[in-house]
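A.B. asks: Sequence:
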Amino acid sequence: MSTTPDDRLVDGESADEQEKDAEATRGVGGSERAGGPSAGSDAEADLPDEARRAIDELVAEATSRRKGRGALGVVAVAAAFVLAFLAVRALLGDSGSPGQASSAGAGSRGAPIDSVGARTPAEIAKSGTIRVGVFSDKKPFGSVGQDGQYEGYDIVYAKRIAEDLKVKVRFVPVEAASRVEFLTSGKVDVILANFTVTPERAQKVDFAKPYMKVSLGAVSPKGKAVTRESQLAGKRVIVVKGTTADAYIQAKHPDWKITKFEQYTEATNALIDGRGDVWVTDNTEAMAFSLKNEDRFVTGITQLGPVDSIAGAVQKGNVELLSWLNEELVQLGEEKFFHKDYERTLKPVYGKAAKPEELVVEGGAL
884 MSTTPDDRLV
894 DGESADEQEK
904 DAEATRGVGG
914 SERAGGPSAG
924 SDAEADLPDE
934 ARRAIDELVA
944 EATSRRKGRG
954 ALGVVAVAAA
964 FVLAFLAVRA
974 LLGDSGSPGQ
984 ASSAGAGSRG
994 APIDSVGART
1004 PAEIAKSGTI
1014 RVGVFSDKKP
1024 FGSVGQDGQY
1034 EGYDIVYAKR
1044 IAEDLKVKVR
1054 FVPVEAASRV
1064 EFLTSGKVDV
1074 ILANFTVTPE
1084 RAQKVDFAKP
1094 YMKVSLGAVS
1104 PKGKAVTRES
1114 QLAGKRVIVV
1124 KGTTADAYIQ
1134 AKHPDWKITK
1144 FEQYTEATNA
1154 LIDGRGDVWV
1164 TDNTEAMAFS
1174 LKNEDRFVTG
1184 ITQLGPVDSI
1194 AGAVQKGNVE
1204 LLSWLNEELV
1214 QLGEEKFFHK
1224 DYERTLKPVY
1234 GKAAKPEELV
1244 VEGGAL
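Everything in the sequence shown is counted per this note's numbering, starting at 884 for the first residue and increasing by one.
Treat the hints as calculated values from the structure; they're not laboratory data.
Keep in mind that a hint or two might mislead.
Cross-link-like lysine-lysine pairs, in silico, DSS-like; alpha carbons within 30 angstroms at most [what the hints assert, rightly or not]:
1. Lys1051 <-> Lys1230
2. Lys1175 <-> Lys1096
3. Lys1118 <-> Lys1107
4. Lys1199 <-> Lys1022
5. Lys1124 <-> Lys1096
6. Lys1135 <-> Lys1124
7. Lys1118 <-> Lys1140
8. Lys1022 <-> Lys1135
9. Lys1049 <-> Lys1124
10. Lys1022 <-> Lys1230
11. Lys1087 <-> Lys1022
12. Lys1051 <-> Lys1199
13. Lys1105 <-> Lys1022
14. Lys1049 <-> Lys1022
15. Lys1107 <-> Lys1143
16. Lys1140 <-> Lys1175
17. Lys1235 <-> Lys1219
18. Lys1009 <-> Lys1199
19. Lys1124 <-> Lys1230
20. Lys1175 <-> Lys1087
21. Lys1135 <-> Lys1107
22. Lys1118 <-> Lys1096
23. Lys1022 <-> Lys1238
24. Lys1199 <-> Lys1049
25. Lys1223 <-> Lys1107
26. Lys1143 <-> Lys1175
27. Lys1143 <-> Lys1199
28. Lys1105 <-> Lys1175
29. Lys1096 <-> Lys1051
When you get a sec, could you build the whole thing from the sequences and use the hints?
C.D. replies: What follows is the structure, encoded as structure tokens:
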């Protein structure tokens, strides 16, 4: 499915728009525009009077010089903005604004993400935006379409959460290996990125009730199809770093020949190019890929290892947001929300190869 640009209450910015925001943010001092915070913005509202006066005085002086000095005046204005930024840093400290951590990293598409810590539903509602970590390259769960909009099963769920909180959603692209870190560092409020619940992950983040169930699968070329787990020994096995497939193989088959990639597109390209013999991933992802490329590949193993659950996750100890998500899941179950989500995003991909009951979890109850 694709989204329309004017569905702004629940639609996040497109990937291209987030890139433009990132370009603006990378201006002088990382403020909203290269010239400092916009009038009436939250960033400006947070500035102390001393910082505002410093900015006003420096910019006014530089502007007056510009009128009579042509090109040199432009340089003066630019210098004023730099000095203004330094003045703000001196007054506020390295954090950039009171009570907010400095930018601690970037999403996988390059947009800088502020680490603001765990937020309650009330705090998210007050801010007007919820930050949701999603995949940008994993169809049909989270990906960026040709129109630059995020789409997929997890995306539809994220938009519903935003709608019920009455806020906009900002989609933050994550990679499999960075999902835990983006929560623990406070870069996102929620992760909805095909996140399999495991005891190891549950020690670092808090999982909500499940909304999907999944197992591992194995994709291989049609002419050399791998149909049994025992056949994987001696094969060049492709996995995405930080996934359940990665953890399962390390625990159960440490002797297998493994090649790890950071992103799903890198893994699929390696399989297509013949740099590996078989790709082990979630069976839902495996089936989606092989159905799309049915002339070349097949999911010879549809259940490898145990059946697991997929759930949203929040920062460890964020009890209020976790409780809200769990209550939301119960309410969504009453309207069969995830069956509708399946029909909208997954059925066009899987067709008759899968049934919703095999994948969908309603009301958070397996």
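A.B. asks: Each hint should be assessed against the structure and marked as holding or not.
C.D. replies: The hints, checked one at a time:
1. Under the criterion of a C-alpha separation no larger than 30 angstroms, the hint pairing Lys1051 with Lys1230 is consistent with the structure, at around 27 angstroms.
2. Between Lys1175 and Lys1096 the alpha-carbon distance is near 22 angstroms, which keeps this suggested pair within the 30 angstroms criterion.
3. Proximity of Lys1118 to Lys1107 is assessed by CA-CA distance (about 11 angstroms); at most 30 angstroms being required, the pair is judged to hold.
4. Restraint check: the Cα-Cα separation between Lys1199 and Lys1022 comes to about 28 angstroms, which is no more than 30 angstroms; the hinted pair holds.
5. For a cut-off of 30 angstroms, the pair hint linking Lys1124 to Lys1096 stands: about 20 angstroms separates their Cα positions.
6. Pair hint Lys1135 plus Lys1124 holds up; C-alpha atoms about 16 angstroms apart against a cutoff of 30 angstroms.
7. Straight-line distance between C-alpha atoms of Lys1118 and Lys1140 comes to about 6 angstroms, which keeps the hinted pair within the 30 angstroms bound.
8. The suggested pairing of Lys1022 with Lys1135 holds, with an alpha-carbon distance near 28 angstroms, which does not exceed 30 angstroms.
9. For the hint pairing Lys1049 with Lys1124, the CA-to-CA distance comes to about 35 angstroms; that exceeds 30 angstroms, so the pair is violated.
10. The straight-line distance between the Cα atoms of Lys1022 and Lys1230 is roughly 12 angstroms, inside the 30 angstroms bound, and the hint therefore holds.
11. At roughly 27 angstroms between alpha-carbon atoms, Lys1087 and Lys1022 fall within 30 angstroms of each other, so this suggested pair holds.
12. Restraint check: the Cα-Cα separation between Lys1051 and Lys1199 comes to about 24 angstroms, which is no more than 30 angstroms; the hinted pair holds.
13. Distance restraint check for Lys1105 and Lys1022: the Cα-Cα separation of roughly 21 angstroms lies within the 30 angstroms cut-off, and the hinted pair is therefore satisfied.
14. This hinted pair checks out: Lys1049 and Lys1022 have alpha carbons roughly 27 angstroms apart, not beyond 30 angstroms.
15. A hinted pair counts as satisfied when its Cα atoms are at most 30 angstroms apart, and Lys1107 with Lys1143 qualifies at roughly 21 angstroms.
16. Proposed proximity of Lys1140 and Lys1175 is supported: the alpha carbons are some 26 angstroms apart, at most 30 angstroms.
17. Restraint check for Lys1235 and Lys1219: satisfied, since their Cα atoms lie roughly 20 angstroms apart, inside the 30 angstroms limit.
18. Distance restraint check for Lys1009 and Lys1199: the Cα-Cα separation of roughly 22 angstroms lies within the 30 angstroms cut-off, and the hinted pair is therefore satisfied.
19. With a CA separation close to 28 angstroms, the supplied pair Lys1124 and Lys1230 stays within the 30 angstroms bound.
20. Pair hint Lys1175 plus Lys1087 does not hold up; C-alpha atoms about 35 angstroms apart against a cutoff of 30 angstroms.
21. For the given pair, Lys1135 sits about 23 angstroms from Lys1107 by alpha-carbon distance, which is consistent with the 30 angstroms threshold.
22. A distance of roughly 27 angstroms separates the Cα atoms of Lys1118 and Lys1096; the hinted pair therefore holds under the 30 angstroms criterion.
23. Distance restraint check for Lys1022 and Lys1238: the Cα-Cα separation of roughly 18 angstroms lies within the 30 angstroms cut-off, and the hinted pair is therefore satisfied.
24. For the hint linking Lys1199 to Lys1049, the alpha-carbon distance of about 24 angstroms falls within 30 angstroms, and the restraint holds.
25. Proximity of Lys1223 to Lys1107 is assessed by CA-CA distance (about 37 angstroms); at most 30 angstroms being required, the pair is judged violated.
26. Of the supplied pair hints, the one linking Lys1143 and Lys1175 holds, its CA atoms being roughly 23 angstroms apart against a limit of 30 angstroms.
27. Distance restraint check for Lys1143 and Lys1199: the Cα-Cα separation of roughly 28 angstroms lies within the 30 angstroms cut-off, and the hinted pair is therefore satisfied.
28. Restraint check for Lys1105 and Lys1175: the C-alpha separation of about 13 angstroms stays at or below 30 angstroms, so the hint holds.
29. Distance restraint check for Lys1096 and Lys1051: the Cα-Cα separation of roughly 28 angstroms lies within the 30 angstroms cut-off, and the hinted pair is therefore satisfied.
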